[in-house]
Amino acid sequence: MDDLMNVVDWSRWQFALTAMYHWLFVPLTLGLSIIVGLMETIYYKTKDAKWLAITKFWMLLFGINFACGVATGIILEFEFGTNWSNYSWFVGDIFGAPLAIEGILAFFMESTFIAVMFFGWKKVSPRFHLASTWLTAIGACLSALWILVANAWMQYPVGTEFDPAQMRNVMSDFWAVVASPMAINKFFHTVLSGWVLGGVFVVGVSCWFLLKKRNIELAQKSIKIGGWVGLVGIVLTMWTGDGSAVAVSKYQPMKLAAMEGLYDGKCGQEIVAFGILNPQKTYDNNQDPYLFDVSLPYGLSILAKHDPNAFVPGINDLIKGVELTPEGDTIHIDSYAQRIEIGRQAHAALREYGEAEKNGDSVAMADASARLAQNFKYFGYGYFNNPSEAVPPVALTFYAFHIMVIAGGYLLIFFVVILFLVYKKSSVLNKKIVQWLGILTIPVVWICSQSGWVTAEVGRQPWIIQDLMPTRAAISNISASSVQITFWMFVVLFTGLLVAEICIMLKVINKRSKEELDNENI
Amino acid sequence: MPMKNNQESIIRRILRFYVEGFKSMTVGRYLWAMILIKLVILFFVFKLCFFPDLLSRDYDTDEERAQAVRSSLLDNR
Numbered sequence: 001m002d003d004l005m006n007v008v009d010w011s012r013w014q015f016a017l018t019a020m021y022h023w024l025f026v027p028l029t030l031g032l033s034i035i036v037g038l039m040e041t042i043y044y045k046t047k048d049a050k051w052l053a054i055t056k057f058w059m060l061l062f063g064i065n066f067a068c069g070v071a072t073g074i075i076l077e078f079e080f081g082t083n084w085s086n087y088s089w090f091v092g093d094i095f096g097a098p099l100a101i102e103g104i105l106a107f108f109m110e111s112t113f114i115a116v117m118f119f120g121w122k123k124v125s126p127r128f129h130l131a132s133t134w135l136t137a138i139g140a141c142l143s144a145l146w147i148l149v150a151n152a153w154m155q156y157p158v159g160t161e162f163d164p165a166q167m168r169n170v171m172s173d174f175w176a177v178v179a180s181p182m183a184i185n186k187f188f189h190t191v192l193s194g195w196v197l198g199g200v201f202v203v204g205v206s207c208w209f210l211l212k213k214r215n216i217e218l219a220q221k222s223i224k225i226g227g228w229v230g231l232v233g234i235v236l237t238m239w240t241g242d243g244s245a246v247a248v249s250k251y252q253p254m255k256l257a258a259m260e261g262l263y264d265g266k267c268g269q270e271i272v273a274f275g276i277l278n279p280q281k282t283y284d285n286n287q288d289p290y291l292f293d294v295s296l297p298y299g300l301s302i303l304a305k306h307d308p309n310a311f312v313p314g315i316n317d318l319i320k321g322v323e324l325t326p327e328g329d330t331i332h333i334d335s336y337a338q339r340i341e342i343g344r345q346a347h348a349a350l351r352e353y354g355e356a357e358k359n360g361d362s363v364a365m366a367d368a369s370a371r372l373a374q375n376f377k378y379f380g381y382g383y384f385n386n387p388s389e390a391v392p393p394v395a396l397t398f399y400a401f402h403i404m405v406i407a408g409g410y411l412l413i414f415f416v417v418i419l420f421l422v423y424k425k426s427s428v429l430n431k432k433i434v435q436w437l438g439i440l441t442i443p444v445v446w447i448c449s450q451s452g453w454v455t456a457e458v459g460r461q462p463w464i465i466q467d468l469m470p471t472r473a474a475i476s477n478i479s480a481s482s483v484q485i486t487f488w489m490f491v492v493l494f495t496g497l498l499v500a501e502i503c504i505m506l507k508v509i510n511k512r513s514k515e516e517l518d519n520e521n522i
Numbered sequence: 001m002p003m004k005n006n007q008e009s010i011i012r013r014i015l016r017f018y019v020e021g022f023k024s025m026t027v028g029r030y031l032w033a034m035i036l037i038k039l040v041i042l043f044f045v046f047k048l049c050f051f052p053d054l055l056s057r058d059y060d061t062d063e064e065r066a067q068a069v070r071s072s073l074l075d076n077r
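Taken in order, these protein sequences are the chains called A and B. The letter at position 320 of the first sequence is residue 320 when you use the numbering used here, and the numbering goes up by one with no holes. The letter at position 3 of the second sequence is residue 3 when you use the numbering used here, and the numbering goes up by one with no holes.
It is possible that part of the hints are untrue.
Sample of chain B residues lacking proximity to chain A, with all beta carbon distances greater than 10 Å (derived) [as the list claims (entries may be wrong)]: (1) I10; (2) R12; (3) D60.
Think about it this way: if two alpha-carbon atoms lie no more than 25 Å apart in a straight line, the pair counts; the simulated DSS-like pairs of lysine-lysine are [what the hints assert, rightly or not]: (4) A:K123 - B:K47; (5) A:K511 - B:K23; (6) A:K212 - A:K424; (7) A:K507 - B:K23; (8) A:K432 - A:K213.
It should be emphasised that the hints constitute simulated quantities derived from the structure, not laboratory data. Note that beta-carbon positions come from the ideal geometry of N, C-alpha and C, so glycine has one too.
Only chain A is shown next, with the shape it has when bound in the complex:
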């Protein structure tokens, strides 16, 4: 068992490393593609050469990021087949279909029109070029859509039926998978967060131009576009974040409890705006969950249920299987001990199905299959010996969530202030402190973005598929040492790519900032 957990931990670290590095590049692609599309649209409408120069400058930075980031996500698929082979088989065409659509449709669409974007300035009509730029942006969004649909299914598995003969989940309703509330919120929340990141990047780089007093007009025009995209992005990201909170409270209440460090819920539950968790607190002791906290009354009930008096369950309530009505009456739902028992019955049924299949006993197979279907919703709980095994890492989830929310709140204020300054008080934009604020906000938006990913993925632990498969069941029969070797190889590769991206971008930004930008210089 120790060796198994070692393989699980190293494989999780490897997957997290790959996904987080991949996610450094992707949101910038999503955000910059929209911004470049808007800039080229202005050029198309005005025929102003300055806008052409601006478009080409940001398009070049988009190209650098695309080149560094492209195909970094393919490693995740390698890992599925090697490290997570049980999972890969178990999910069947649920994962295969969206990823195949992503690979064939979106990736090729994106790649084709990127070529027109960069090679086609003097070879295709301005209208076709503009269409290609927008189709690249749409292709990037479609890529994200299919990946996020697959991810959302892992958080809320719907539209499928488990077939014990194939040992796979079979898709029974494509639209239930694609249009699940989890998938819709996840898609918009994630893609719109890319707009925010792109907006901050454009504003930050433009502030550097202002700081160096180079290409002032390019910088000011870019701040306007980046600022608006960022502001619209952050408002919509917050709105879809609210939708995500409602979906999480409904389908992954344990994750929500971990996000808030909430052990004992109540009606009219407050939300922790800022807090320090008590590291001694566990689900089965009576210590205070927080060493320090600043809370907003009714906040979590409003966020999660859109009702200030609604009951929000904590970790202990979920384990015990109790909820309260607004009148104070107790409602019993499945406790985690009951779920574990039901999960074990599902395991026994699957085992009996396998035996019956070997013996060619179709009556026993049908009986076992029926009992499996009846208990399958808690199949994953059958792996646990204790309810505490179903509790996610509370501290990491709590802090990641709060870093994301606080940084998101800061970004909203940042965009409002930047847009106010660029339109109404442009002289204040010339102050170094404002320019440095713009530059230093670039790492803040990446921290915010990565924190969101950590909240979503760590908060759903121990599940790789919610309620159906914990990570330890998903792992292949491989050695921890083989995963460690490739883990460190990835560290070297990805760090090299990141350093290359930063160096090339800084070189290009520095070089172009020293030139008076016009159409021919780009």
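Since chain A is already given, all that's left is putting chain B on it; use the hints.
Below, chain B alone, put in the same frame as chain A:
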């Protein structure tokens, strides 16, 4: 065969589009070199040497793979 000539012309134009595009690149040359090196590392080093699809490698049929996954999911977890 005007249809065939027309098709060839389109293919030739697309090829010329890419060839001239690549030739006129400046920063893009380094980026394409980076992409190609990265793809070689990913597919010819990582995929071939370190990331086999275990179930495809170890079992010949889907039935055997299903049986292997069932055993793995129910034993020693």
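- Task: Examine each Cβ of chain A, and state whether all of them lie more than 10 Å from the Cβ of B:I10.
- Result: holds (14 Å)
- Is A:K212 within 25 Å of A:K424, Cα to Cα? holds (22 Å)
- Message: Hint check: A:K432 vs A:K213, CA-CA at most 25 Å. Holds or violated?
- Response: Holds, at roughly 11 Å.
- Message: A:K511 and B:K23 were given as a pair; does the straight-line alpha-carbon distance stay at or below 25 Å?
- Response: Holds, at about 21 Å.
- Starting from A:K123, check that the Cα of B:K47 is at most 25 Å away, please. Violated, at roughly 38 Å.
- Query: For B:R12, is the shortest beta carbon distance to chain A beyond 10 Å?
  - Reply: Nearest chain A Cβ is 14 Å from B:R12, so the label holds.
- Message: Check whether the Cα positions of A:K507 and B:K23 lie no farther apart than 25 Å.
- Response: holds (21 Å)
- Query: Regarding the assertion that B:D60 does not contact chain A, is the least Cβ-Cβ distance greater than 10 Å?
  - Reply: holds (15 Å)
Checked against the numbered hints above, the structure breaks only hint 4 and satisfies the rest.
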